[in-house]
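S.K.: Sequence:
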Amino acid sequence: MVFIRKLGLVLTTLMVVACASDPTSREPARLTDFQAEKKLKEAWSYSLGDGQAEAYHRITPVIDGEEIFIASSNGKIAALNKVTGKKIWKKSHDLRISGGIGVSGTMLFVGTSDGEVVALDRLTGQIIWTTPVNSEVLSAPQSDGDVVVAQTYSGEVHGFSISDGKPLWNYISQVPRLTLRGTSTPKIVRSVVMVGFANGRVVAFDIENGAVRWEQRISVPQGSTEIERLVDVDGRLLVLEDGQTVIATGYQGQIMAIDIGSGRPLWGKETSSYVGAASALGNIYVVAADGSVNALDGNGQGARWTQTVLARRELTEPVAFEGAIGVGDFEGYLHMLAQVDGHLIARTRVDSDGLRAPMIADGKLLYVYGNSGELAAYKLQDL
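So the sequence shown is residues -20 to -1, 1 to 363, counted in mature numbering (1 follows the signal peptide of the UniProt record, and there is no 0).
Fair warning: there could be bad hints in the mix.
Said to hold, decoys possible - Within a straight-line C-alpha distance of at most 30 Å, the following computed DSBU-like cross-link-like pairs (lysine-lysine) qualify:
| no. | residue 1 | residue 2 |
| --- | --- | --- |
| 1 | Lys71 | Lys146 |
| 2 | Lys359 | Lys18 |
| 3 | Lys71 | Lys56 |
| 4 | Lys344 | Lys70 |
| 5 | Lys19 | Lys66 |
| 6 | Lys359 | Lys71 |
| 7 | Lys344 | Lys359 |
| 8 | Lys359 | Lys66 |
Source of the hints: derived by calculation from the structure; they are not laboratory data. This structure is a prediction, so every number in the text was calculated from the model and none was measured.
Please model the entire structure based on the sequences and the hints provided.
M.R.: Here it is in structure tokens:
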């Protein structure tokens, strides 16, 4: 049963509150007791602005060097020491931030609900340039140091000069009448930028001029209703350690491994997901739309395990951390599952407003950005 109660859906230009595709869908699974094997200990926390606010945003922090950068929907941006959480600087701008933070060299980038791509000074948080686009930006703009790439909710991809924000190229995709509330985040590998679209495709562009390198369909619309035909590729694309393979997930479609150089599919498995995947121990970990957490063999030959105890809890993108897989849920709980077989090993509540943004694992710390605007760093320790 596909549960999409809080995935903001859009029909033409009208936002409607989504309900389950089947009105008889069950409620989210209740949390069950388990024998904890680890504990999640908070190392530090920092509160910023309104967080995700009431909109269905997934504003995601970013780590670069020794700093972690965060933003809130009401225009606040801060730089923190990633180990201690100590504030380096904080700025407030008249921006309705809707896309998470991108970073390249001495610059940061955010997107807004008002259809803007904004570049800021990494050292001070001051705005360097602002360039308008035709609709809101729901994911973090990305850059290779020369070109900034941003995707809009209307299905366009734009390339801008990093120095002054001057438009360099753009691409327009065909957007279905009904889509999930969100977009994929552009992924840059060498001279190629890859983007997932609401029409179920992943397209790779030459980052310098926007020429299409290749195109691969992840999901094919099926069914008789608009909801049944949703095929968005909204989850973040995952580049494997070999630097040659990208993993894409599609709603009501499949998870697919694609050769970055040619666009050739290496393997695919039917799975419906609206968040990105994670990799560790030779496995690919994916959260299905029904809330099951799945470990797939890295070569696509089969499933290692499936955990259904968190069904319909609107889970975040999974993250591999300290021999475990972490997922957050709509009630703000952070769950840790054993990588080897998926059983629960630890749990803590981070934010009563819920968790939605992808988490970040870096060294011995796991960074979790709650919907209310609190960023917390956790250690996973033995009991």
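S.K.: Honestly, which of those hints from before does the structure not fit?
M.R.: When the structure is compared with the hints, none of them turns out to be violated.
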